[in-house]
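**Student:** The chain contents come next:
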Amino acid sequence: MTGARLLYAGAETTAVTVYESDLPGVGKKHEIELGDGSRLVIVTHNDGRREVFRRETADADSEKLFELPDGLARQVGTILEGAYFQPVRSGDVETLLGGDTLLEWVEIDAGSPLAGRTLGDADLRAETGASVVAIERGDGVIPTPGGETTVEPGDTLVVVGSRADCEAFASRATGE
Amino acid sequence: MAAGLLELGQAFLVCAVAGAVALRIGLSVIPLYVVGGMLAGPFVAGRAGLPAVSDGELLTVLAEVGIVLLLFFLGLEFSLDRLLSARSKVTRAGVIDVVVNLPLGIVIGLALGWSAVEALLLGGIVYISSSAIITKTLIDLGWIADAEADPILGTLVFEDLFIAVYLAVVTSLVTGGGDVAALGGSLAVAFAFLGALLVAVQYGTGAFTRLLDVSDTESFVLRTLGVVVPVAGVALSLGVSEAVAAFFVGMGFATSGHRERIERLLTPVRDAFAAVFFLWIGVGTDPRLLAGVALPLAAAVVFTTPAKLLSGYLGGRVYDLSARRSVRVGLGLVPRGEFSLVIAALAAGGSTTVMRETIPALAVGYVLVMSVLGTVLMQRSAAVERVFVRFGPARR
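As given, the protein sequences belong to chains A and B, one line each in that order. What the first sequence shows, in this note's numbering, is residues 48 to 223, in sequence order. What the second sequence shows, in this note's numbering, is residues 596 to 991, in sequence order.
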């Protein structure tokens, strides 16, 4: 029915808006904005069956993607939720290697004090304790760069070290 | 005994076959149960000398249980809060629906030279859309996920509330006959009984909850039936609409916290008895009477189909839908079914020939046409939308 209610608006980088509405005699409908103008529409029937649709644009007809019985839907839901496997490197920051050791990705912009200097010249390992294990440049990667390798603006340095070392490295790289 | 069992067996067999045919050709089961009943009944199978299902007391009582359970479920799904929470839109769309369609049916009835009560019965038959057929088709076509589902289901909710009041009044009008004093008396009894029931339902939530707090499914089903069927029976013996009584009991059970379990466990029970009800309607219909009502039937179809399209379209606009989607709302409200037949069954208990013969035959013909026409229109909506959006009144 009408009166779609805003259930949850996430505070993280990607805000999630979920609309809930009643379908008298049928069940409930939840619509989730996917961020590209399309919506995921989940119809939960009173008998527990879930129908999942995708609506391309606001005025398009929803296209049914799949249908799951109650038990299976819950199982799939827990997998989506990450109950069995949590991917940790979610884009930009860091990956735990175990213990206190991190892999961190540090971007170098034109204003960075490191831009244009060689790794040996900057000697960041002595200063911060973290070492550069690779440089992502354009589409390529420079593995195990040596002291003579020059850091260029636009590079992403892949750094390994303790959390404190990595934080010190990141602040040196941004010049703060 | 053996004859009764055999006849009942035949009735269920015919329902099962009709249901299989409906699945095969992608139509609603309701018109096929009715046609199956007509073919298996005394007027077709009986005349051909074959064993026929008769609308004797056995089938009539089972059909009556079907009516009671249909309305019980309507009450179960009906929530006043839900109606009030979306009040303005539901009410506006619902009022447009009733203001356009009910008077149109009354006018057609009066134009046929019928009395006011007879015309009012026709008004109800052409007004009320079929929740069962429409909801199922919405799911089958995937419209349930789209914006048109809101005004369609909202309008159905409004119709449900309206039909409860309507049935309460019309039952008294039909059973009270023409005598004003008797009519006043039966209306008073009806409203006293239904008022008391409503109060009991309103304040009895705790009792309903405790009553149904049982893990054994068998006891659960029997306790539910053990409340709704006797209450409906008392209502009918007082000359009050058993359907409305069942609707109110459903409303009471809805707030007990057991609604979903009732739906899960009793839906098959309801569907089996509802199938018998539709079959029973067909069994009591002489196809020759259908031929006799061909003209009023044609008039009803020709006038009420565009009227429902118009009221549905306007209802869609109330929900701020585009012209194309509003056309779908209109198409989605065309199917008529179970409630038109409930009104016909009520009319059949009346005193005049029009009530006892013409209206039931007309209602059966009308439901057969509108259930099939409505479903087909929904399935072929793309073509209708194109035509309408190109030539329709409101471009967007």
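Among the clues, some could well be false.
What the hints assert, rightly or not - Derived BS3-like pairs: lysine-lysine, alpha-carbon spacing no greater than 27 Å straight-line:
#: 1; chain 1: A; residue 1: Lys111; chain 2: A; residue 2: Lys75
#: 2; chain 1: B; residue 1: Lys731; chain 2: A; residue 2: Lys111
#: 3; chain 1: A; residue 1: Lys75; chain 2: B; residue 2: Lys684
#: 4; chain 1: B; residue 1: Lys684; chain 2: B; residue 2: Lys731
#: 5; chain 1: A; residue 1: Lys75; chain 2: B; residue 2: Lys731
Calculated directly from the structure, the hints in this document are not laboratory data.
**Student:** Give a verdict on every hint.
**Tutor:** Comparing the hints with the structure gives:
no. : hint                : in the structure
1   : A:Lys111 - A:Lys75  : holds, 16 Å
2   : B:Lys731 - A:Lys111 : holds, 16 Å
3   : A:Lys75 - B:Lys684  : holds, 19 Å
4   : B:Lys684 - B:Lys731 : holds, 23 Å
5   : A:Lys75 - B:Lys731  : holds, 15 Å
The structure fails none of the hints (numbered hints given earlier).
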